[in-house]
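Asks: Each chain, letter by letter, is given below.
Protein chains: 2
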Amino acid sequence: MSDTVVAQMAPGSAQVKMLINAADTVVSDALEGFAQAYPGMVRVMRDPDYVVRADAPLPQRVAIISGGGSGHEPMHVGYVGRGMLTAACPGAIFTSPTPDQILAATRVSASQAGVLYIIKNYAGDRMNFEIAIETLLTEGMSVASVVVADDIASPSRDLRRGAGATIIVEKIAGAAAEMGVSLAECAEVARRAERQSRSVGVALSACTIPALARSSFHLGDDEIEIGIGIHGEVGRQRATLAPVAQLVDHLCGALADDLGLREGDRTLALINGLGATTRMELYIVFCEVARWCATRRVVLERSLVGNYMTSLDMAGCTITFTRLDDELLQLWDAPVCTPALRWGV
Amino acid sequence: MSDTVVAQMAPGSAQVKMLINAADTVVSDALEGFAQAYPGMVRVMRDPDYVVRADAPLPQRVAIISGGGSGHEPMHVGYVGRGMLTAACPGAIFTSPTPDQILAATRVSASQAGVLYIIKNYAGDRMNFEIAIETLLTEGMSVASVVVADDIASPSRDLRRGAGATIIVEKIAGAAAEMGVSLAECAEVARRAERQSRSVGVALSACTIPALARSSFHLGDDEIEIGIGIHGEVGRQRATLAPVAQLVDHLCGALADDLGLREGDRTLALINGLGATTRMELYIVFCEVARWCATRRVVLERSLVGNYMTSLDMAGCTITFTRLDDELLQLWDAPVCTPALRWGV
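Listed in order, the protein sequences are those of chains A and B. Those letters in the first sequence? Residues 1 to 345, by this note's numbering. Those letters in the second sequence? Residues 1001 to 1345, by this note's numbering.
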């Protein structure tokens, strides 16, 4: 290869050490690349931005739509496709999608069967989805929504953030919609999956926000933050780094207490990397979660281990438990074909 | 959740800030977790360590076996399954698997159709696979091998390291084996895929090796390293961070020159994250690679964008081009069902 030195970035244009063109085109450039990577699966629309299944709208099928700030990839755009989301609205980095995006995505993807919104419990997301819903209701569309609030870091449910359960609710609602059930049934099963889920996160380092070129908080060499949010929100407890077995025991105990998970209960576990954590570490965390379940005689029916809902380049992970019943398990196992989750097809 | 502070790690046991139990049990604990995550797909054997398809050995099918140091997950263990590897041998971190591992994996997974080894071009890997091959030949087994040496960072082919093409060769050889072709035909198609592939990498930061608890090299705030190896080998050129469009133009130009990629040629592009790089960045890199192909009238037939061959927590990516013909494309598209790559099933 040539030894020509790569030219320098124009002064002022490099504010953060990332593989980007400029901080203000990150979302736009990434969406263009995403569109090129999955041409048969999704269509990426611009201004307003949304991603929709290539085969939408599907007659007699409830549309399942989600959205949220960018920076959590593959969520949500990576979950658009058969058996999961009909459409997703990516906002700016860590910023809610606008009502315009939600309306445009809905009009392209919804049939007369109606639309179910999956909304993470953040004030901005809730407000913008509500604005869109009000408009659609005046137009006579059938609309329902489920708010995901699974992060146990906040003591009050009203304040709980949406975390890993979002993926699980999207998968389960998408499977129900694919089977052709009604909007009311889709909403019921999505809400049940949400109620049966709890998450908790731990960060080893903060993420770097492109436009700010700085970390969202700082952790010492042996410090971890428990209960962090996926936008770099400071957690509720700073602790010293411990061996994973000990850390997982603490986190799983907290999840089980909150969920009321008991001996004989069946569960799905999602071990989610926040961005910069190696897959080996995620498997080590999962190994300890599986041991914890075995010790407590909780039946670990299914698992998902990988980067499913990141926080840019944060190091750390979240653990989600969803208590399963036969129907939730069947919907989880149903075929799915999206950029980030694929089985059975 | 409880506010109990997580107990401190025992003095001396925490050498690196990772989600692990101890530096010396990283590979072992991760393999245990991996085994629990994919029980229907793979069997994980210990002492010596290897991962084998749950349904091996397959009569009348060539066994496809690879291996290499751990720390590159999902490679290789994540590629064991239908349509790809029959078995994989994970060494210690950044350390070749031993001949014992290779022999044990081979004896469990090979039928009379023989075995094809896919070996990355590192001295240790080559030596240990050669030792195993000599033993197996004396036992009368049919053996062939392909050495992957696609990283253009080294000027001489003998010294070229195995990089992203390894994944592509494993996929293509695995598809051929699944179709029931002979060992000679599997080896031919694997060697052709290897010859038609070139890779180059760029690092924005070095990786942290658990047992050393330090970075393999240091980069300044605006420095990047072009031509890095996946074990933290220093690259052949240090440059200043540039916008991705400019960087990709430089890297794709170097790949195309070396491969002799011309207008009208058909190619597969693999944009591989090295561990800590966000998926948005990988899509931005891919967006520019797709633009580069369009400008040069190179036909971008297929792509793969994600973390497929990491270097622990290194930030950066590798780009691989594989020139496709009809047969290579058909084998690439064939069904695959492994923990890390799944389509068509």
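A few of these clues could be false.
As the list claims (entries may be wrong) - One-sided excerpt, in silico: chain A residues whose CB lies under 8 Å from chain B:
1) M18
2) G33
3) P74
4) S142
5) V285
6) C317
Unchecked claim - Per the computed footprint, the stretches of chain B lying under chain A, defined by three or more beta-carbons under 8 Å from a beta-carbon of chain A, are:
7) 1053-1064
8) 1080-1091
9) 1110-1122
10) 1160-1166
11) 1241-1248
12) 1309-1315
Quick caveat, the hints were computed from the structure, so don't treat them as lab data. Remember, it's a predicted structure, so these values are computed and weren't measured experimentally. By construction, the Cβ of each residue, glycine as well, lies at the ideal position given by its N, Cα and C atoms.
Asks: Is the interface hint for S142 of chain A satisfied, with its Cβ closer than 8 Å to some Cβ of chain B?
Replies: Hint violated; S142 of chain A Cβ to chain B Cβ min 34 Å, cut 8 Å.
Asks: Are 3 or more residues of the segment 1160-1166 of chain B near chain A, judged by a Cβ distance of less than 8 Å?
Replies: It is violated, with 0 qualifying residues against the three required.
Asks: Do the numbers back the hint for C317 of chain A, that is, is its least Cβ distance to chain B under 8 Å?
Replies: holds, 7 Å
Asks: Taking the closest Cβ pair, is P74 of chain A under 8 Å from chain B?
Replies: This interface hint holds because 6 Å falls under the 8 Å limit.
Asks: Should the interface hint for V285 of chain A be scored as holding, given a Cβ-Cβ cut-off of 8 Å against chain B?
Replies: holds, 6 Å
Asks: Is the coverage entry for the segment 1080-1091 of chain B by chain A consistent with the three-residue Cβ rule at 8 Å?
Replies: Violated: only 0 residues of the segment 1080-1091 of chain B have a Cβ under 8 Å from chain A.
Asks: Go through the hint on G33 of chain A and say holds or violated, using the shortest Cβ distance to chain B against 8 Å.
Replies: With Cβ-Cβ at 3 Å, under 8 Å, it holds.
Asks: Check whether three or more residues of the segment 1241-1248 of chain B sit with their beta carbon closer than 8 Å to a beta carbon of chain A.
Replies: Three-residue rule met by the segment 1241-1248 of chain B, so holds; n is 7.
Asks: Do three or more residues of the segment 1110-1122 of chain B come closer than 8 Å to chain A, measuring C-beta to C-beta?
Replies: It is violated: at least three residues are needed, and the segment 1110-1122 of chain B offers just 0 whose Cβ sits closer than 8 Å to chain A.
Asks: With a cut-off of 8 Å, does the beta carbon of M18 of chain A approach a beta carbon of chain B closely enough for the hint to hold?
Replies: Holds, because the Cβ-Cβ distance from M18 of chain A to chain B comes to roughly 6 Å (cut-off 8 Å).
Asks: Please verify the coverage claim for the segment 1309-1315 of chain B: does it have three or more residues whose C-beta sits within 8 Å of some C-beta in chain A?
Replies: The restraint on the segment 1309-1315 of chain B holds, since 4 of its residues have a Cβ under 8 Å from chain A and three suffice.
Asks: Do at least three Cβ atoms from the segment 1053-1064 of chain B come closer than 8 Å to Cβ atoms of chain A?
Replies: n = 0 at 8 Å, threshold three: violated.
Checked against the numbered hints listed earlier, the structure breaks hints 4, 7, 8, 9, 10; every other hint is satisfied.
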